[in-house]
Amino acid sequence: MARAATTTDAFNAVAEPRRRQILDLLAQGERPVNDLVATLGLAQPLVSKHLRVLREVDLVRVRDEGRQRMYRLNAEPLKPLHDWLSQYERAWSKRFDLMDDVLADLSEAEENNGGDD
Amino acid sequence: MAETTSGTATVTLPADNQILITREFNAPRRLVWRAYTTPDLIKRWWSGDRGTVSSAEVDLRVGGAWRYVMVANGGFEVAFHGEYREIVDQERLVNTEIFEGLPNPDEHAGLVTTTFAEKDGRTMMEMLCEYRDQADRDAVVASGMESGMQEGLDALERIAVTLD
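The listed protein sequences derive, respectively, from chains A and B. Going left to right, the first sequence walks through residues 1 to 117 as my numbering numbers them. Going left to right, the second sequence walks through residues 1001 to 1164 as my numbering numbers them.
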């Protein structure tokens, strides 16, 4: 398989839409768990469950501040995923860049014809 | 006008058998649709920088077939084909996608749903590619590896370089 076994868990962890949403929120900064619960509009046990999965793969780190548990993003485990995807993304970008050229020609042809459709 | 300020393609993995590719084009969707579905225009972009498109056949009706063939930079041919399942003119296209280089290719058919949304003369295109399982999905993503780095052309490498 094309990817390192050690990253599989992080890959799987971000396959879940709610967990991606949590990571997006934490990407904006550290947050207490009740803040996440309020923003996501999910039940606390569910949020805690997702956070536990994310902590297990080290995508999220936690510290206690007074009586609050503060969660923050650790994006490092996503780097292999990012690298892996970016090659594929690059291949498509090349295609789309060529499509831009095609579209520019089509637009120009339309303008020259003075047609609006 | 004619400024081709292009968005960048973004690729995400919404589920473990899916790939979602999005790209914004500085053109109305009737033109994007045309570039996406007209054989002579497909020939100009589909191979990206990996080769040249030697054949593009499009029978744009539900149940109709499509087939694209590329001569890759390594000299070998890469062919994909499929069938149109759903067509909403300029708006939505659903088709199967089969890479002919695989053993039992039909078993690895992907399903691609492409949507075109226009706003202020620009078009957001989304391609949702669904595969039978994560292994097939991952094989497709792995195909994005640099073709120039591949040397030999045994079957495995051919798949890794060209599966798209």
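Bear in mind the hints are in silico, worked out from the structure with no lab data behind them. Here the structure is a predicted model, which means the values were calculated and not measured. A virtual CB, placed ideally from N, CA and C, is assigned to each residue, including glycine. Please note that the accuracy of each hint is not assured.
[Said to hold, decoys possible] Residues from chain B shown here face chain A by an in silico Cβ test under 10 Å; the list is partial:
(1) THR1008
(2) PHE1025
(3) ALA1035
(4) TRP1046
(5) SER1047
(6) ARG1061
(7) GLY1063
(8) ALA1065
(9) VAL1069
(10) LEU1128
(11) ARG1132
(12) VAL1140
A quick look at each hint next to the structure:
The criterion of a C-beta within 10 Å of any C-beta in chain A is met by THR1008(B), whose closest approach is roughly 6 Å, and the hint holds. Nearest Cβ of chain A to the Cβ of PHE1025(B): about 6 Å, under the 10 Å cut. The hint holds. Checking ALA1035(B) against chain A: minimum C-beta separation of about 5 Å stays under 10 Å; hint holds. Annotation: TRP1046(B) was flagged as interfacial toward chain A, and the flag holds, the nearest CB pair being 6 Å apart, inside 10 Å.
Hint status for SER1047(B): holds, given a least beta-carbon distance of 8 Å to chain A, under 10 Å. Because the beta carbon of ARG1061(B) sits about 22 Å from the nearest beta carbon in chain A, more than 10 Å, this interface hint is broken. Below 10 Å, beta-carbon pairs count as interface contacts, and GLY1063(B) has none with chain A, the closest being about 26 Å; its hint is therefore violated. A cut of 10 Å between beta carbons decides the hint on ALA1065(B): the least distance to chain A is about 21 Å, and the hint is violated.
The criterion of a C-beta within 10 Å of any C-beta in chain A is not met by VAL1069(B), whose closest approach is roughly 15 Å, and the hint is violated. The beta carbon of LEU1128(B) comes no nearer than 13 Å to any beta carbon in chain A, farther than 10 Å, and the hint placing it at the interface is violated. This hint is violated: ARG1132(B) has a C-beta 16 Å from the nearest C-beta of chain A, more than the 10 Å allowed. Because the smallest distance between the Cβ of VAL1140(B) and any Cβ of chain A comes to about 8 Å, under 10 Å, the interface hint for this residue holds.
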